[in-house]
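Engineer: Each chain, written out:
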Amino acid sequence: EAQVTQNPRYLITVTGKKLTVTCSQNMNHEYMSWYRQDPGLGLRQIYYSMNVEVTDKGDVPEGYKVSRKEKRNFPLILESPSPNQTSLYFCASSLYGTLTGELFFGEGSRLTVL
Amino acid sequence: AQSVAQPEDQVNVAEGNPLTVKCTYSVSGNPYLFWYVQYPNRGLQFLLKYITGDNLVKGSYGFEAEFNKSQTSFHLKKPSALVSDSALYFCAVRDKSGNTPLVFGKGTRLSVIA
Chain A
62 EAQVTQNPRY
72 LITVTGKKLT
82 VTCSQNMNHE
92 YMSWYRQDPG
102 LGLRQIYYSM
112 NVEVTDKGDV
122 PEGYKVSRKE
132 KRNFPLILES
142 PSPNQTSLYF
152 CASSLYGTLT
162 GELFFGEGSR
172 LTVL
Chain B
49 AQSVAQPEDQ
59 VNVAEGNPLT
69 VKCTYSVSGN
79 PYLFWYVQYP
89 NRGLQFLLKY
99 ITGDNLVKGS
109 YGFEAEFNKS
119 QTSFHLKKPS
129 ALVSDSALYF
139 CAVRDKSGNT
149 PLVFGKGTRL
159 SVIA
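Taken in sequence, the protein lines are chains A and B.
Just so we're aligned, residue 62 is where the first sequence starts under my numbering, counting upward by one.
Just so we're aligned, residue 49 is where the second sequence starts under my numbering, counting upward by one.
Treat the hints as calculated values from the structure; they're not laboratory data.
Think of the CB as a built atom: it goes at the ideal place given N, C-alpha and C, for glycine as much as any other residue.
Using 30 Å as the maximum straight-line C-alpha spacing, the simulated DSS-like pairs for lysine-lysine come out as follows:
(1) Lys97(B) <-> Lys132(A)
(2) Lys144(B) <-> Lys130(A)
(3) Lys97(B) <-> Lys125(B)
(4) Lys97(B) <-> Lys118(A)
(5) Lys144(B) <-> Lys118(A)
(6) Lys154(B) <-> Lys118(A)
(7) Lys154(B) <-> Lys97(B)
(8) Lys130(A) <-> Lys118(A)
(9) Lys144(B) <-> Lys132(A)
(10) Lys126(A) <-> Lys144(B)
(11) Lys126(A) <-> Lys154(B)
Below, a sample of chain B positions facing chain A; criterion: calculated Cβ distance under 10 Å:
(12) Tyr84
(13) Phe94
(14) Thr148
(15) Gly153
The task is simple: from the sequences and hints, build the whole structure.
Structural biologist: See the structure below:
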């Protein structure tokens, strides 16, 4: 089954404790992206990657890191999480970037930073 | 810079009645326009898109959307609402120049009442 898999789905952590949210897709997609969803703000893009070893900042990259060492994986790293990073995070992928706009989304990862 | 506005946070409609979820956009040049739906505790799912051609676009689950260039709108419609249509709906836009990121609206919550 074609899918985008995120882990963990739920996480409660404390300020400053490094964490990684993994994202993996099995569709051989070139494009992958991370979004955060906050009430009243919709989806905002954090980082995206057009292909292996190519990453770019989105609208809200501060406090996040990403890497794209393999085509299928695009982990989101929070080196020193803060409470304002409490949010619902989505990973998405697409075969040809945003040219067709048909992004495939993961189920989401709900992060709480205390 | 491109932007999307969804003027209604919430839309309530009775089952069997037609529904409309509004979206207006701003881009430099011609737009690519999209609708996504998010069911509770799930990731976003692609519904439909307008790239070029016929202004009335048909998508999944009986939804359709009408592109209106003069009003810069792309409203989502369905002739007869179902309770199962209750969800959060997002409009998104990108311009046609290159592989630019999608910009999402803040979302509109649709409640269909039996």
